[in-house]
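*Asks:* The hints should help you fit chain B onto chain A, whose structure is shown.
As a plain string of letters, each chain reads:
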Amino acid sequence: MIEPNARVRRHERVAARVVDGEALLVVLDEKQLHRINGVGAHVWELCDGRTIDAIARALVDEYDVAAERALADVREFVGHLIELGALVPEDPP
Amino acid sequence: MLSPPSAGRTGGARRLRSGRCRFAFGGVVFELLMNDVGPDVQLDEPMGRFCADATAAPTVAHVSCTLQHDASLPPQVGGDALWMARDGDTLRVGSRQIQVELQALGAGRYRGRARLASSNQALEAVLRGVAAALVEAEGGLVLHACGLELDGRAVLFVGPSGVGKSTATCLAEAGHCFAYDHVAVFEHGSGPVAWGLPGGSAAAAPRSSHAHLPLSRILRIRRGQDQPRLQRCDGAAALFVIRESVESAEPSQRGEQARLSAAMRLATRVEVGELWTVLGHSLTGLLREAGAQR
Numbered sequence: 163m164i165e166p167n168a169r170v171r172r173h174e175r176v177a178a179r180v181v182d183g184e185a186l187l188v189v190l191d192e193k194q195l196h197r198i199n200g201v202g203a204h205v206w207e208l209c210d211g212r213t214i215d216a217i218a219r220a221l222v223d224e225y226d227v228a229a230e231r232a233l234a235d236v237r238e239f240v241g242h243l244i245e246l247g248a249l250v251p252e253d254p255p
Numbered sequence: 182m183l184s185p186p187s188a189g190r191t192g193g194a195r196r197l198r199s200g201r202c203r204f205a206f207g208g209v210v211f212e213l214l215m216n217d218v219g220p221d222v223q224l225d226e227p228m229g230r231f232c233a234d235a236t237a238a239p240t241v242a243h244v245s246c247t248l249q250h251d252a253s254l255p256p257q258v259g260g261d262a263l264w265m266a267r268d269g270d271t272l273r274v275g276s277r278q279i280q281v282e283l284q285a286l287g288a289g290r291y292r293g294r295a296r297l298a299s300s301n302q303a304l305e306a307v308l309r310g311v312a313a314a315l316v317e318a319e320g321g322l323v324l325h326a327c328g329l330e331l332d333g334r335a336v337l338f339v340g341p342s343g344v345g346k347s348t349a350t351c352l353a354e355a356g357h358c359f360a361y362d363h364v365a366v367f368e369h370g371s372g373p374v375a376w377g378l379p380g381g382s383a384a385a386a387p388r389s390s391h392a393h394l395p396l397s398r399i400l401r402i403r404r405g406q407d408q409p410r411l412q413r414c415d416g417a418a419a420l421f422v423i424r425e426s427v428e429s430a431e432p433s434q435r436g437e438q439a440r441l442s443a444a445m446r447l448a449t450r451v452e453v454g455e456l457w458t459v460l461g462h463s464l465t466g467l468l469r470e471a472g473a474q475r
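Sequences listed follow chains A and B, in order.
Per my numbering, the very first residue in the first sequence carries number 163; after that it's consecutive.
Per my numbering, the very first residue in the second sequence carries number 182; after that it's consecutive.
Hints listed in this document are in silico derivations from the structure and should not be mistaken for laboratory results.
Just so you know, these numbers come straight off a predicted model, no measurement behind them.
For glycine and all other residues, C-beta sits at the position ideal for the given N, C-alpha and C.
Lysine to aspartate or glutamate pairs mimicking EDC-like chemistry, simulated, CA-CA at most 16 Å apart: (1) A/193 <-> B/428; (2) A/193 <-> A/245; (3) A/193 <-> A/174; (4) A/193 <-> B/425.
Selected chain B positions facing chain A (Cβ under 10 Å, derived; list incomplete): (5) 415; (6) 416; (7) 417; (8) 420; (9) 421; (10) 424; (11) 435; (12) 438.
Isolated chain A (complex conformation) (with noise of 0.2 Å):
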């Protein structure tokens, strides 16, 4: 599982589209086509380069979950994203 203080920012063969909170993902390489719903489409918008943690606490501001479990959720989801080739880690500076 990704650790907290990892950074993730969208694969650049990755297109994608937020359209009335859901987003459509197109991952080129892989010929696939995602599509993603309400908070899972908000977490796509913030991973940009910005911590696992950043992104979880992002998410208890602005929805009723617990810090905890919003970190479990995230790094499951983002896991989720990278193994799709949507998402990759970024190489700590």
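*Replies:* Just chain B now, kept in the frame of chain A:
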């Protein structure tokens, strides 16, 4: 003043001889200079069914292209896949049988040269490849779809191979099929236009005499259980239906962003939905009823 898109009748068999010829195909006006392609190369059935008179057809691009026969390219191949690439104002389309290079001149006009094998198959590949590339370059899309003409407008059935797109055209017995597997879609005048492209197996449904029609709906086919039903899609669901059916041989990230933008524009201009079909149950009433409610 812009006029509404109209339906266009096909020209039937179209034989192209040496010299200059001009016609519309897939939303593009082609002006071909064919001085060196050999006497055997000609545009014939079934390609002629998808062509129309260039003066009256709704189009998004105009290309002047010199065709040159290249004996080093194989005249016949099985399943020749096209590729496309864009580099600034230069657009390249290729396959094992063709090599095309076009320059964008602005305002939807292109000029270029094509080297091709000496065969009908290679000439058809030039037309299909160039039409697909230019429609996409001008903000349109090529969809994997069956096209049905119903009451003078186009309904596109989309979905993965084997889902029942051709069957759906047969179940809409008041309609006529104008495309079996590929359709170019683009904005023209006051609304989107669907232009049938060759390919796919002929459906059992009667054939339409139109090459292009005003586009009214895009419906993702699903297999139902009891009665056919239709459910409208909005937002990301509509975008998914359209993008899922897009065909493109241009793999760049920039190209994909453009395709998503085109799909989003299209989703706001036509009705998008999911259609559950059931064998033995007509779709005509359902399609007309949904059309009347719009």
